[in-house]
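Each chain is listed here by its residues.
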Amino acid sequence: MRIVVSILLMQIVLCLIIVTGCTRQVNNISDNAQNNIKIEVILKTSENDFWKNVRAGADVAGKEFSVDLSINSPLNESDVEDQISLVNNAIERKVDAIVLAASDYKKLVAVSEKAVDEGIPVIIIDSALDSTRISTFIATDNKEAAIKAGNMLVQVAGKHSNIAIMSFVKGAATSNERQAGIYEAINKYPGIHVLGIEYSLSDERVAQELTKKLLKKFPQINAIVALNGPSTIGTARAIEELNLIGKVKIVGFDNITGEIDYLEDNAIQAIVIQNPYNMGYLGVKNAIDVINKISIARTINTGSTVIDKGNMYLPENQKLLFPFVK
Amino acid sequence: MNIKIKKALKIISQIFYKTFKFGSLQSVITIYFGVIIILVIVFMSAIIYSKFVKTVDNNAVIGTSQTINQVNRNLQYYLQGMNEVSNTVAEQLNSPTSNGIEKARDVFKMTITLRKDIESIAVFTEDGKMMVSTSNLPLKKGLDVKSEDWFQKVIEEPGKINFSNPHVQNLYKGEHRWVVSLSKEVKYNKNGKEIRLIALVDMKFTSIDELCHLIELGKKGYVYIINNDGIIIYHPQQQLIYTGLKNEKIDFAVNNEDGSYIQNNNGEKTVMTIKTVGYTGWKIVGISYYNEMVTSKKEIYYYIISVVAVSIIVLFVMSLIISARISLPIKKLEKLMARVEKGELDIYAEIKGEYEVKQLSKTFNSMISRIRNLMDEIFKEQEAKRKSEIKALQAQINPHFLYNTLDSIVWMAENGESKGVITMVIALANLFRTSISRGKEIIKIKDELENARSYLVIQQMRYTDKFDYIIEADEAVLEYRTFKIVLQPIIENSIYHGIKRMVDRGMIKVTAEIIDDKLLLQVIDNGLGMSKETAESILSKEPKGKVSSGIGVKNVHERIQLYFGNEYGLEIESELEVGTCVKIWLPKLKEEVG
Numbered sequence: 006m007r008i009v010v011s012i013l014l015m016q017i018v019l020c021l022i023i024v025t026g027c028t029r030q031v032n033n034i035s036d037n038a039q040n041n042i043k044i045e046v047i048l049k050t051s052e053n054d055f056w057k058n059v060r061a062g063a064d065v066a067g068k069e070f071s072v073d074l075s076i077n078s079p080l081n082e083s084d085v086e087d088q089i090s091l092v093n094n095a096i097e098r099k100v101d102a103i104v105l106a107a108s109d110y111k112k113l114v115a116v117s118e119k120a121v122d123e124g125i126p127v128i129i130i131d132s133a134l135d136s137t138r139i140s141t142f143i144a145t146d147n148k149e150a151a152i153k154a155g156n157m158l159v160q161v162a163g164k165h166s167n168i169a170i171m172s173f174v175k176g177a178a179t180s181n182e183r184q185a186g187i188y189e190a191i192n193k194y195p196g197i198h199v200l201g202i203e204y205s206l207s208d209e210r211v212a213q214e215l216t217k218k219l220l221k222k223f224p225q226i227n228a229i230v231a232l233n234g235p236s237t238i239g240t241a242r243a244i245e246e247l248n249l250i251g252k253v254k255i256v257g258f259d260n261i262t263g264e265i266d267y268l269e270d271n272a273i274q275a276i277v278i279q280n281p282y283n284m285g286y287l288g289v290k291n292a293i294d295v296i297n298k299i300s301i302a303r304t305i306n307t308g309s310t311v312i313d314k315g316n317m318y319l320p321e322n323q324k325l326l327f328p329f330v331k
Numbered sequence: 006m007n008i009k010i011k012k013a014l015k016i017i018s019q020i021f022y023k024t025f026k027f028g029s030l031q032s033v034i035t036i037y038f039g040v041i042i043i044l045v046i047v048f049m050s051a052i053i054y055s056k057f058v059k060t061v062d063n064n065a066v067i068g069t070s071q072t073i074n075q076v077n078r079n080l081q082y083y084l085q086g087m088n089e090v091s092n093t094v095a096e097q098l099n100s101p102t103s104n105g106i107e108k109a110r111d112v113f114k115m116t117i118t119l120r121k122d123i124e125s126i127a128v129f130t131e132d133g134k135m136m137v138s139t140s141n142l143p144l145k146k147g148l149d150v151k152s153e154d155w156f157q158k159v160i161e162e163p164g165k166i167n168f169s170n171p172h173v174q175n176l177y178k179g180e181h182r183w184v185v186s187l188s189k190e191v192k193y194n195k196n197g198k199e200i201r202l203i204a205l206v207d208m209k210f211t212s213i214d215e216l217c218h219l220i221e222l223g224k225k226g227y228v229y230i231i232n233n234d235g236i237i238i239y240h241p242q243q244q245l246i247y248t249g250l251k252n253e254k255i256d257f258a259v260n261n262e263d264g265s266y267i268q269n270n271n272g273e274k275t276v277m278t279i280k281t282v283g284y285t286g287w288k289i290v291g292i293s294y295y296n297e298m299v300t301s302k303k304e305i306y307y308y309i310i311s312v313v314a315v316s317i318i319v320l321f322v323m324s325l326i327i328s329a330r331i332s333l334p335i336k337k338l339e340k341l342m343a344r345v346e347k348g349e350l351d352i353y354a355e356i357k358g359e360y361e362v363k364q365l366s367k368t369f370n371s372m373i374s375r376i377r378n379l380m381d382e383i384f385k386e387q388e389a390k391r392k393s394e395i396k397a398l399q400a401q402i403n404p405h406f407l408y409n410t411l412d413s414i415v416w417m418a419e420n421g422e423s424k425g426v427i428t429m430v431i432a433l434a435n436l437f438r439t440s441i442s443r444g445k446e447i448i449k450i451k452d453e454l455e456n457a458r459s460y461l462v463i464q465q466m467r468y469t470d471k472f473d474y475i476i477e478a479d480e481a482v483l484e485y486r487t488f489k490i491v492l493q494p495i496i497e498n499s500i501y502h503g504i505k506r507m508v509d510r511g512m513i514k515v516t517a518e519i520i521d522d523k524l525l526l527q528v529i530d531n532g533l534g535m536s537k538e539t540a541e542s543i544l545s546k547e548p549k550g551k552v553s554s555g556i557g558v559k560n561v562h563e564r565i566q567l568y569f570g571n572e573y574g575l576e577i578e579s580e581l582e583v584g585t586c587v588k589i590w591l592p593k594l595k596e597e598v599g
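Those sequence lines, one after another, are chains F and G. For the working numbering, count along the first sequence from 1 and bump the result up by 5. For the working numbering, count along the second sequence from 1 and bump the result up by 5.
To be clear, the hints were calculated from the coordinates, so they are not data collected in a lab. It cannot be assumed that every hint is accurate.
Unchecked claim - Covered by chain G, according to a simulated footprint, are these stretches of chain F (three or more residues, beta-carbon under 8 Å):
hint: 1; stretch: 48 to 55
hint: 2; stretch: 85 to 95
What the hints assert, rightly or not - Residues of chain F placed beyond 10 Å of chain G at every Cβ, according to the derived structure:
hint: 3; residue: L80
hint: 4; residue: T137
hint: 5; residue: K175
hint: 6; residue: K324
Computed from a predicted model, the values in this text were never measured in an experiment. Glycine residues also receive a C-beta, built at the ideal position from the N, C-alpha and C atoms.
All chains, please: the whole structure from these sequences, using the hints.
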């Protein structure tokens, strides 16, 4: 009889053990989400469509690979100090990797290398950073994009043309690479002469004025290649103002507000656009690979696409040109 | 923590080794219990797990299908709504109450205000001229409406409602909205003449996007929509697919019926659920990650494993304890038995516990008492045997001694020593009187001394003055009791071994006194004596071959010890050429016993 009682008692004890084990198990499950990989994405700004697309790409990758993603950016693209403090903040929070679109080629080096010293890999997207210690650099191959633009220019303006180049910042890596690409494309055609090269400082109004001056000085110019968004808009405005639409062809860069309208109005013949969505996506994806010790390429080209009036409504380009970002 | 566990383990193993003898009842019970428990638990867990897995798989598929069906219903609702709006367009244009185009435009504008998911409504003529539009923006310059996809489809198949793929509406200047366009032919009765018109209803694509975007199929799962040509209408990673960063098995979805299919996607198991949407021939495809759906499967796997492990440990301890409880009374009995084996017979097993154990204890007790009785009987038998042996020996001396004595008397008679004959016969008569002592075993010291004296008289005469003797006794001693014939065998020994072969005249002294509250009788001679070893061997060794005449000294010793205990008996002190002293210790016995 006593044995039966003791067996019963032990079964009760066993049940209790199972029940308590169960509740502990449940707690563990809810804790699991916090043990995930944490990735910090720091962009230049959250304002324009380009960065909204980077963000969308990063979000998709974050969801796909189930990582804790936090995306931050300074309000203003030129606020380098703010970006540095964002990186510092991420280091303090001991994230597993940082995906950074550096606002400055030099000024972000110190803080990025500090992160690497702390064992946090740094993935640079969009704009290069003057450091060899980063994990990878994911961006548009500017030279390749510029060669495409150059070829397009030849196509729209003809093999015997007088052209001008509207660049943006003299000596900046991106503008240098793009200029080199343009020359590489047009040097194959001896009938093409470059009559002028100007720097808009990424200011639409400066570009507009410079274009007007340039055309006054060299009326024989029949095509202008503008190497970034603001330069493109400014150039197109000048052409519109001077009533030279169709007479002076424009090949532009990027896809900022207004460019599509000029493209539809034939003021701009073609634009070369980058793939910010893929930048964001690949930034996060490669960060995960680095965390998981999978070797990745030192540089990754996210590609560029030439858009003209003919192909802008193709399904694959619609998404690039008219991203739906909220 | 670790140290605690180590300590606990150590204690457990100690208990284990202490209580657990292989082959013991407890170990057998524990092992059988354990094996049965483990088999049952493992078997049950396996069944439960496999059942659970099946259910989880089913639920995962069902869950995904339900989600997809929900998407489908919502999508159909939208598309149906658009169709209804397009029907309203036709009705309004031909309504007898309406005042033509202007009135229709107001109704359309009202409609799009009410229905937030509709971007714009427009009606075109067959040659691409816009008749009505809800948009305030002008058409794009140089735009050929006839070349637009949605327009051409209506021209190709006039009777059909045409749903476009999501696209950026390319009609109005400065506006680039993502829409899904419904286009269909409507008839308009203008002055009795029926004109063919094309109605265009643009639905905001964000509605579809939101619809699909918010769908949760686990953390990683997603929903996409394709049309019957396999063109992607909605995909959360559409851009990745266009740029080749991601592949989707669209062909599979296009070519297969509605249902759920398990696939291997880059090494990850996924479940693809296909559902065809009414009106459009679109297909909603849900991709859910098998691992995610069945995370609970893994969890339950580890959970079951840990529960099984814990249960096995607990049940094992339980069976140890239970088997200990069962085998404990038997172990107790076993210990008692071991004590019996060592010779303890005054043991009693408590009768308690289970029926069998009680029976066993009872049997054990009765067995022990039986053994005890038997032992007592054997002891008594042995004693009786010994006594009878002694009696036989006592009976033996008399003829032998008698023969020698009578022989001596004959010699004396022949020599005419009548005085000596008289003395000897009197002594012999005395000896016999005290020896027989009316059949008593225990006699007074006085009588025993008398007996010794008679014997000494006879022997002195036989050995013709070879020795002298003295008998000294305290008055106090005389009334105490002793065995009869205690002194005689010792005196006999003294004469035969000590005095007989002496050249000088020997001396035998017999004393009786009380020392340390015991009686002490001594026979002291100054004969040849013997070595210490011989002296010691007399009392311990069996008599070798040669049987000494009369009752052996050893026999006297044993008799005393047998009757009175080991503290009494003989002590022999002897030295070669000096003599021998035999001490006889006896209790102070006043009454007759035995």
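Going through the hints against the structure:
1. Only when three residues or more bring their CB closer than 8 Å to a CB of chain G does the claim for the stretch 48 to 55 of chain F stand; here the count is 0, and the claim is violated.
2. Coverage of the stretch 85 to 95 of chain F by chain G is violated in this model, with 0 residues showing a Cβ closer than 8 Å to a Cβ of that chain against a need of three.
3. For L80/F, the non-interface assignment is confirmed: its Cβ lies about 26 Å from the closest Cβ of chain G, beyond the 10 Å cut-off.
4. Look at T137/F: its CB is around 27 Å from the nearest CB on chain G, clear of 10 Å, so calling it non-interface holds up.
5. The non-interface label for K175/F is consistent with chain G: the shortest C-beta to C-beta separation is roughly 32 Å, beyond 10 Å.
6. Its closest Cβ contact with chain G, about 5 Å, brings K324/F to no more than 10 Å, contrary to its assignment away from the interface.
Checked against the numbered hints listed earlier, the structure breaks hints 1, 2 and 6; every other hint is satisfied.
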